[in-house]
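Peer 1: Given the sequences, and given the hints that come with them, work out the whole structure.
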Amino acid sequence: MVSLWPWKGDNNSTDAYDKRLALLATKITKATAHNDSLRQRGRKFKVTWTLYAGFTYILATLILTLVTGWKSWGSVEYTAVCSGPLVLYGVRKLLTLYYDYRTSKNQIYLDSLIKERDTTIDKLKAVTKYDSTQQLIDKYSSKPSTPQKEQGGDVKKRATAGQHGQGPQQQQRVFVQPPPTANISREPVHQQSGPSSPRQNQPQSPQSPSGPGIAPSAEFAPNAFARAPSYPSAPAFGESRWYDRILDALLGEDETSSKNRFALICSQCRLVNGQAPPGAKSLEDIGIWRCSGCGAMNGKESEATKVVKLAQAAQKETTVMKAEPEVGEEFAPSDSE
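Residue numbers (the UniProt record's numbering): 1 to 337.
Calculated directly from the structure, the hints in this document are not laboratory data. Certain hints may be false.
Simulated crosslink set (BS3-like; lysine-lysine; CA at most 30 Å straight-line) [as the list claims (entries may be wrong)]: (1) K30 with K105; (2) K105 with K259; (3) K123 with K27; (4) K19 with K309; (5) K125 with K309; (6) K139 with K259; (7) K93 with K44; (8) K259 with K19; (9) K46 with K123.
Peer 2: Following this line, the structure appears as C-alpha cells:
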C-alpha cells in the first residue's frame, strides 16, 4: 500500500541499511581511486615538466653559447638564461600546490564518507542490537564464532604432536651409520670395549686408495665430495634502473607488478599463498581466504559486511519463529468433539 503520510520516518530495515552501505562503499572506492589518480597525475606532470623544460633550457643555453656566442648577447638572451631556472622552479611549485590542494580536498570528502559509513554501521548495530545478539550467539551457539583460532590451535597441536612423535625416531637414528655408498671404500669400524690409549686419540692421516679400481669418482658418487660444482650466477631479473623510475613517473606504475602487491601469508603456518590481486590496497579488499597448506581461514572481513550478515540472520530467525505455531495450537480440541 502506498503511504500518503508526508512525514515518513526513516526506513530501519536491514535491506535499506544494506543499500546505504553498498552505496557508501561504492562512493568510497571511487573517491579512493580518484585520490590515487590525482597523486599519480600530479607526479607525472611534475616529472614531465622538469624533464622537458630542463632539456629545452639546456639546449637553448648551448645554442646561445656555442652558436650565437655570449659576446653578442642582448638583454633578451641574458634574461632568458638567467630567468630559466626560476621559471622552471616556479611552474613546478605551482603544479605541486595545485595538486596538493585537489588531493587534500578529495581526502576531506573521503574522510566524510568513511565517517558517514561508520555512523551508519553504528545505527545498524543499535537497530539490530548487534552487540547483545553477538554475545548471545557466542554464549549459546553450538558452532564456534572464532574458527580461525581453533584451526590455529589444531595446527599447533598437530605440529607439537609431530615433533613429539619424531623425537624418539631422531634419537634412534643419530647413532645409525648411513649405508655404504657405491664405489667408495670405507674402513671397518673397530669397537673397543677397553679404555683407549692416548696414541689412538690422535687424528689419523687419510690413507690413499690401494688400487685404481677402488678410487672413488664423482661420476659414480657425486654426493661423496664436499666441493659442489659452481654455476655462473644469472643476472637479477626485474632489477629497477634509473630510467625505469622515469618511465614509471611518466606512464604510471604497473599494478600487476610484484612490487605493487602484498603477499598473502598465512597467520598460522606462515606459508606464502601467492600475492594479492592487482588494485587491492588492504585486507578488506580481498576478504576471507583459505590457506592451501594448513587450511586455516585468513583475511579480514569488513565491518559493514559482518553487521549486515548478522542482521539478515537475525531477521530470518525472527521470521521462522513467528511462522512456527505455538505449543498446543495444532492439537487443540475441536468444537465437534
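Peer 1: Taking the hints in turn, state whether each one holds.
Peer 2: Hint check:
1. K30 with K105: holds, 14 Å
2. K105 with K259: holds, 29 Å
3. K123 with K27: holds, 19 Å
4. K19 with K309: holds, 13 Å
5. K125 with K309: Given that 30 Å is the threshold and the Cα spacing comes to 12 Å, the pair holds.
6. K139 with K259: Violated: K139 and K259 sit about 44 Å apart, past 30 Å.
7. K93 with K44: holds, 14 Å
8. K259 with K19: violated, 36 Å
9. K46 with K123: Violated: K46 and K123 sit about 44 Å apart, past 30 Å.
Hint compliance for this structure: hints 6, 8, 9 are not met, and every other hint is.
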